[in-house]
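Protein chains in written order, with full-length UniProt numbering: chain A, 1 to 346; chain B, 1 to 346.
No lab work stands behind these hints: they were computed from the structure.
Take the hints with a grain of salt, since some may be wrong.
[As the list claims (entries may be wrong)] Quick list of simulated restraints, FRET-style, between CB atoms:
| id | chain 1 | residue 1 | chain 2 | residue 2 | range |
| --- | --- | --- | --- | --- | --- |
| 1 | A | Pro268 | B | Thr61 | 54 to 62 Å |
| 2 | A | Thr52 | B | Ile215 | 47 to 55 Å |
| 3 | A | Glu180 | B | Asp103 | 47 to 55 Å |
Quick caveat: nothing in here was measured; it's all calculated off a predicted structure.
Even for Gly, the Cβ is constructed at its ideal location relative to N, Cα and C.
Residue strings, one per chain:
Number of protein chains: 2
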Amino acid sequence: MADGLRVGVVGATGQVGAVMRKLLAEREFPIAELRYFASARSAGSKLPWRDTEITIEDASTADPSGLDIALFSAGGSTSKAQAPRFAAAGVTVIDNSSAFRMDPDVPLVVSEVNPEAVKEARKGIIANPNCTTIAAMPVLKPLHDEAGLVRLVASTYQAVSGSGLAGVDELAGQVRAAAEHASLLTHDGAAIDFPKPEKYVRPIAFNVLPMAGSIVDDGEFETDEEKKFRNESRKILSIPGLAVSCTCVRVPVFSGHSVSVNAEFERPLSVERATELLTHAPGVELSEEPTPLQAAGNDPSYVGRIRVDPGVEGGRGLALFLSNDNLRKGAALNAIQIAELVAQQL
Amino acid sequence: MADGLRVGVVGATGQVGAVMRKLLAEREFPIAELRYFASARSAGSKLPWRDTEITIEDASTADPSGLDIALFSAGGSTSKAQAPRFAAAGVTVIDNSSAFRMDPDVPLVVSEVNPEAVKEARKGIIANPNCTTIAAMPVLKPLHDEAGLVRLVASTYQAVSGSGLAGVDELAGQVRAAAEHASLLTHDGAAIDFPKPEKYVRPIAFNVLPMAGSIVDDGEFETDEEKKFRNESRKILSIPGLAVSCTCVRVPVFSGHSVSVNAEFERPLSVERATELLTHAPGVELSEEPTPLQAAGNDPSYVGRIRVDPGVEGGRGLALFLSNDNLRKGAALNAIQIAELVAQQL
Numbered sequence: 001m002a003d004g005l006r007v008g009v010v011g012a013t014g015q016v017g018a019v020m021r022k023l024l025a026e027r028e029f030p031i032a033e034l035r036y037f038a039s040a041r042s043a044g045s046k047l048p049w050r051d052t053e054i055t056i057e058d059a060s061t062a063d064p065s066g067l068d069i070a071l072f073s074a075g076g077s078t079s080k081a082q083a084p085r086f087a088a089a090g091v092t093v094i095d096n097s098s099a100f101r102m103d104p105d106v107p108l109v110v111s112e113v114n115p116e117a118v119k120e121a122r123k124g125i126i127a128n129p130n131c132t133t134i135a136a137m138p139v140l141k142p143l144h145d146e147a148g149l150v151r152l153v154a155s156t157y158q159a160v161s162g163s164g165l166a167g168v169d170e171l172a173g174q175v176r177a178a179a180e181h182a183s184l185l186t187h188d189g190a191a192i193d194f195p196k197p198e199k200y201v202r203p204i205a206f207n208v209l210p211m212a213g214s215i216v217d218d219g220e221f222e223t224d225e226e227k228k229f230r231n232e233s234r235k236i237l238s239i240p241g242l243a244v245s246c247t248c249v250r251v252p253v254f255s256g257h258s259v260s261v262n263a264e265f266e267r268p269l270s271v272e273r274a275t276e277l278l279t280h281a282p283g284v285e286l287s288e289e290p291t292p293l294q295a296a297g298n299d300p301s302y303v304g305r306i307r308v309d310p311g312v313e314g315g316r317g318l319a320l321f322l323s324n325d326n327l328r329k330g331a332a333l334n335a336i337q338i339a340e341l342v343a344q345q346l
Numbered sequence: 001m002a003d004g005l006r007v008g009v010v011g012a013t014g015q016v017g018a019v020m021r022k023l024l025a026e027r028e029f030p031i032a033e034l035r036y037f038a039s040a041r042s043a044g045s046k047l048p049w050r051d052t053e054i055t056i057e058d059a060s061t062a063d064p065s066g067l068d069i070a071l072f073s074a075g076g077s078t079s080k081a082q083a084p085r086f087a088a089a090g091v092t093v094i095d096n097s098s099a100f101r102m103d104p105d106v107p108l109v110v111s112e113v114n115p116e117a118v119k120e121a122r123k124g125i126i127a128n129p130n131c132t133t134i135a136a137m138p139v140l141k142p143l144h145d146e147a148g149l150v151r152l153v154a155s156t157y158q159a160v161s162g163s164g165l166a167g168v169d170e171l172a173g174q175v176r177a178a179a180e181h182a183s184l185l186t187h188d189g190a191a192i193d194f195p196k197p198e199k200y201v202r203p204i205a206f207n208v209l210p211m212a213g214s215i216v217d218d219g220e221f222e223t224d225e226e227k228k229f230r231n232e233s234r235k236i237l238s239i240p241g242l243a244v245s246c247t248c249v250r251v252p253v254f255s256g257h258s259v260s261v262n263a264e265f266e267r268p269l270s271v272e273r274a275t276e277l278l279t280h281a282p283g284v285e286l287s288e289e290p291t292p293l294q295a296a297g298n299d300p301s302y303v304g305r306i307r308v309d310p311g312v313e314g315g316r317g318l319a320l321f322l323s324n325d326n327l328r329k330g331a332a333l334n335a336i337q338i339a340e341l342v343a344q345q346l
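Excised from the complex, chain A in its bound form (with noise of 0.2 Å):
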């Protein structure tokens, strides 16, 4: 890579593809070749890079030989169709789908947590893994490490952000729907009367909705959400029998998605240990009230109300809450950061 890497964003007009194209700047990728895909509908515009312009190619259509890696974040059905297709062309696939990420072909990885992982991509294609495992990563990682992570309780608050700019939109109409009118700002939230939204089923604004994600149809009556933290959680620390009960809850937050989660452990892990542990974790910093404006716009996981609990014996459980942006390392970093992992190699 003498002289930096021949590099593909596909997706490059989405929001997290803006957080991509602004980070590879940011962090100084080493570029040899940049260049943009989105959809036809996109192709022939511009968007920027640096102080020129680089013009969008049909990711459908684009001839993707010479590029050494493709960064993908442009949905499942364009992961499924065209990965594979920019793999074939010996371009290695930084996928932020879901399309590929239980395939055991295929490896899910966090930088900070299973970086050697990316060494097995057998298909070419390494997967990103959903924003809210994303988060919980780089906290759990060193506490199983110590003590051997058994069990999961997770509870989320997940930001608008992480169902698109859709989602953005719709908590910005509804908060001014509310805001234009004053008495609906009042203790009695049940009198706003909000526009019918379209992107969730229920009013996003003032409320939650403990329903992120779609109910899978498997009889479990847990969302694909739900079931993506904990395959994906297994997946990446190699826990294959790790035991996992989370509720996913969208919450009127714009970015930075929270998790409240109690650990349960092999071995009795104490507060003041797991403290230290994580003082010390890369990709994690400790705060006293974690809180998604506080990670929004940064890099790491904030972990903070790390308790002892009491439900589990001897010593070997504890409760904690954590932050993190959802479009940085939940999306666009960690890709970015498997990039750097990759470049390492070639």
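Here the structure of chain A is known, so what remains is to put chain B in place on it, guided by the hints.
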């Protein structure tokens, strides 16, 4: 109680006092005489009652003699100072503060859960539980009766009206400030420059604050709100050894407290059986997706998202989510339901 009872509302000018006055009328509580009490500052002014008005008396100096029942919702210090004085005058005090909740001579009552306890008011005082506890009790009681509750893990989503009108005003003010600057309603929440918070330590708009209440200085790093949930649940359900880990989180919702609960039982309890029990439970309504906006202005605890917790062996674990109006059932309504139980005895 031939012609009804003589009732006092102490803290009549407050947020919960207002809901109490509304509910006394709505529920056609048998009232022979109604008196309003508040601080010296409000004494002499008037508040409506049906088509008349009632002059507010100074709670600290007025003579309570002749009252049958006094509903207290004027904060812990007023309760501590005045509730014993009212009780000594022969008035049955129903106290909404935390002042007497853990007193062994003071019953702590949720009307659907332990109504028989009102008979044990050996000090003439009956305590109304904390709003978050009240929300969960009508849901957990029938499950406990069936399968024997032994452990709870709970994460809350608490509305700002739980912090009084100051919490409501602070959220409304921050939302207005953001809405007036369109650029502040952005996916990058960190860009929002709110006026300095007063009620909460950090901004509550577009944020979640995982330290509702204040840390208790006993080395456990729990807030008073989290300890209330544990201690009150144990007392109301008569399970002294109930293991509870609770994380109390404030969310930008005006009214309606929600709780994500993982419950462990002595005996197996299926999703189907739990759903059947909750269908018939008093004060409970099943909901596909319980939300605070659904609960606000209504009486029941809405419960849904009932699933198996695979982390508990033998089918003895369930996850569920519930929402309840923290000003109605969570405060004013339960107090008046306790008064109705007392009225049946008089």
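Tested hints:
Between Pro268 of chain A and Thr61 of chain B the beta carbon distance is about 57 Å. The supplied range of 54 to 62 Å therefore holds. Checked against the given bound of 47 to 55 Å, the beta carbons of Thr52 of chain A and Ile215 of chain B, roughly 52 Å apart, stay inside it. Distance hint check for Glu180 of chain A and Asp103 of chain B: the Cβ-Cβ separation is about 48 Å, which falls inside the suggested range of 47 to 55 Å.
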